[in-house]
Amino acid sequence: MPVFALVDCNNFYASCEKLFDPTLKHRPVVVLSNNDGCVVARSAEVKALGIPMGVPWFKLRNEAKRHGIVAFSSNYALYADLSNRCVEVLSGFTPNMEVYSIDESFLELSGFEGRTGGLMAYGAEIRQRVADWLGLAVCVGIGPSKTQAKLANHAAKKNLAGANGICDFTTMSPAALDVLFERIEVGEVWGIGQKINARLEAMGIRTVRQLRDADAELMRTKFSVVVERTVRELRGVSCLELQEVVPEKQQIMSSRSFGQPVYDLPELEEAVASYVAKAAEKLRSQDSLAGAVQVYIRTNVFKPEVPQYQRTVTVPLPEASADTRVLTLWAMRVLRRIYRPGYGYHKAGITLMSIVPATNQQFSLFASDGAVDARSRQLMDVLDGINGKFGRGTLRLAAEGVEKVWQMRRGNLSPRYTTEWDCLAVVQAR
Amino acid sequence: MLEPMASLGPGVFIPLVPAPKLSLPLDTVKVSAGFPSPAADYEESRLDINEYLVRNPVSTFFFPVQGDSMEGAEIHDGDILVVDKSVRARHGHIVIAFIDGQRLVKRLHCRAGRVALLAENPCYPPLEIQEGMELLIWGVVVGKFKRFGA
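Each protein sequence line maps, in turn, to chains V and S.
Be aware that the first sequence starts at 1, since it is given in this note's numbering, and climbs by one per residue.
Be aware that the second sequence starts at 1, since it is given in this note's numbering, and climbs by one per residue.
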């Protein structure tokens, strides 16, 4: 029988911020979304204040002053590095795992039940090692299916069952599980979103126990095979396997909202060129070529009082490419075609589409010769090499511009403590 | 290389313009001409400074130093410390300590009920840890390095 654990980092973004900054101990910390808009992560202190997820920051200004809340812009470089480290630590506990999100991983633990102390002890070991090695707190939920593991994690986090941030459903008695499942609302179950939740409630299904004991066939006819599977998983029948191999991306998107509205074509061009550069780098890192480029621009839909315009156009390339110069050229052509003066643009983005592995390249009849191709690849290798060493954007096309006035607002960005030599945290010898 | 072109009907072949190439890296191909290099059997991998300084990369972080209180331990202003969080701190270790909102590098002393953070420079008195003070030993310093601007 399979056994799964869901390990997730507590208050991940806020914990990353606290890790390197001793002045933040015990202080309420929030992390804001792009452009410093809304609260996307909260430290335990902020949760205790009753501040919900997703509130716009400007609405919190008074409370922030009163409670001394510290707000950070999203420091993705820091979070990504710590997330990768966490995955690496967890991979020492099982050969089979699935990285589910930036702060959650499923671990297959079958075969480890027989260890002294059982899975609770193994969970404690996981928790201890992540705390010792990375200074991050995690919760561990264990169950015979992924859905149960996720629920066990919820129970551990909310102190509903288990102990010390670890909860193992596989060793709880059926009676104890009945009691627990009766206490948890059905909306907490993995895969039960708001819509399904509302419909379930209309049918009188409010608790996890009720959903588990519902007629699985009926759930399939009423909802979908997904909900049926959830019911079976809640009963302890594993229906969802680990998704170990991340499928290669079929599309690569790069887009951002601007810090302030952008009116001029040259500024938009710079923004779009830099998105292409970023996406192309990702494309090359997975050894692929893009067959089409899509560009979109739009005004701020949340400001209906200003004139609105938006446009998305896709252009197929004559030949699949991973060359930043080629992709930028086509993106610029599209952009110039869809740009209309007189509007305040709020967001722009590009998508690389029809992605194929570089080895399957279909050459067009009129394609450039192989020598040009090889040179292009060499140049791109140099580009990625330099940017990898000295930081993204060190070497770039002139089209990307130098000033980047359109860049998103990130007023309270903490240093990239772990990924930039210039951003390391200084220690005092005094 | 030839490829059928559907639009020209069956049996009509036109050459594929840039024929795909298979390039092999030179060093994986054994060339058996002439005498073999007498050094071939002694080949070893080149020394890697990462390997020397960093035993456990996943738990290793770097911190630059500011100040002169650790000169006695050969830790100077501007050095970059290699800090391994997976090493359990013991008496006598040089550690990164978070205390009173500060990030400090000190020698950890814990003997006979006394816990203190010691400097390695007579100008700086020991920092005695009293009951109720919140001390976090963030990690153990396992090495240091510095790059000169040459």
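No lab work stands behind these hints, which were simulated from the structure alone.
Misleading hints may appear alongside valid ones.
Claimed, not checked - From the derived model, a few chain S residues whose C-beta atoms are all more than 12 Å from chain V:
#1 Leu47
#2 Tyr52
#3 His91
#4 Ile129
As the list claims (entries may be wrong) - So, partial list: chain S residues that the calculated Cβ filter (under 10 Å) puts toward chain V:
#5 Ser37
#6 Asn56
#7 Pro57
#8 Gln66
#9 Met70
#10 Ile80
#11 Leu81
#12 Leu136
#13 Gly139
Claimed, not checked - Label-pair distances were calculated between CB atoms; the ranges are:
#14 S:Asn121 / V:Asp264: 34 to 44 Å
#15 V:Glu125 / S:Glu74: 30 to 40 Å
#16 S:Cys123 / V:Pro95: 14 to 24 Å
Cβ coordinates follow ideal geometry from the N, Cα and C atoms, glycine included.
Taking the hints in turn, this is what the structure says about them:
1. Leu47: Answer for leucine 47 of chain S: holds, closest chain V Cβ roughly 20 Å.
2. Tyr52: holds (19 Å)
3. His91: About 18 Å separates histidine 91 of chain S from the closest Cβ of chain V, which puts it past 12 Å; holds.
4. Ile129: The claim stands: isoleucine 129 of chain S keeps its Cβ more than 12 Å from every Cβ of chain V (closest is about 15 Å).
5. Ser37: Violated, because the Cβ-Cβ distance from serine 37 of chain S to chain V comes to roughly 29 Å (cut-off 10 Å).
6. Asn56: Interface hint status for asparagine 56 of chain S: holds (8 Å vs cutoff 10 Å).
7. Pro57: holds (8 Å)
8. Gln66: Interface hint status for glutamine 66 of chain S: holds (5 Å vs cutoff 10 Å).
9. Met70: holds (4 Å)
10. Ile80: holds (7 Å)
11. Leu81: holds (7 Å)
12. Leu136: With a closest approach of 7 Å, the leucine 136 of chain S hint holds.
13. Gly139: Because about 8 Å separates glycine 139 of chain S from the closest Cβ in chain V, which is inside the 10 Å limit, the hint holds.
14. S:Asn121 / V:Asp264: 34 to 44 Å: Since the Cβ atoms of asparagine 121 of chain S and aspartate 264 of chain V sit about 57 Å apart, the hinted range of 34 to 44 Å is violated.
15. V:Glu125 / S:Glu74: 30 to 40 Å: Given about 36 Å between the Cβ atoms, the range holds.
16. S:Cys123 / V:Pro95: 14 to 24 Å: Taking Cβ atoms as reference, cysteine 123 of chain S and proline 95 of chain V lie about 53 Å apart, which means the hint is violated.
In this structure, the hints that do not hold are numbers 5, 14, 16, in rising order.
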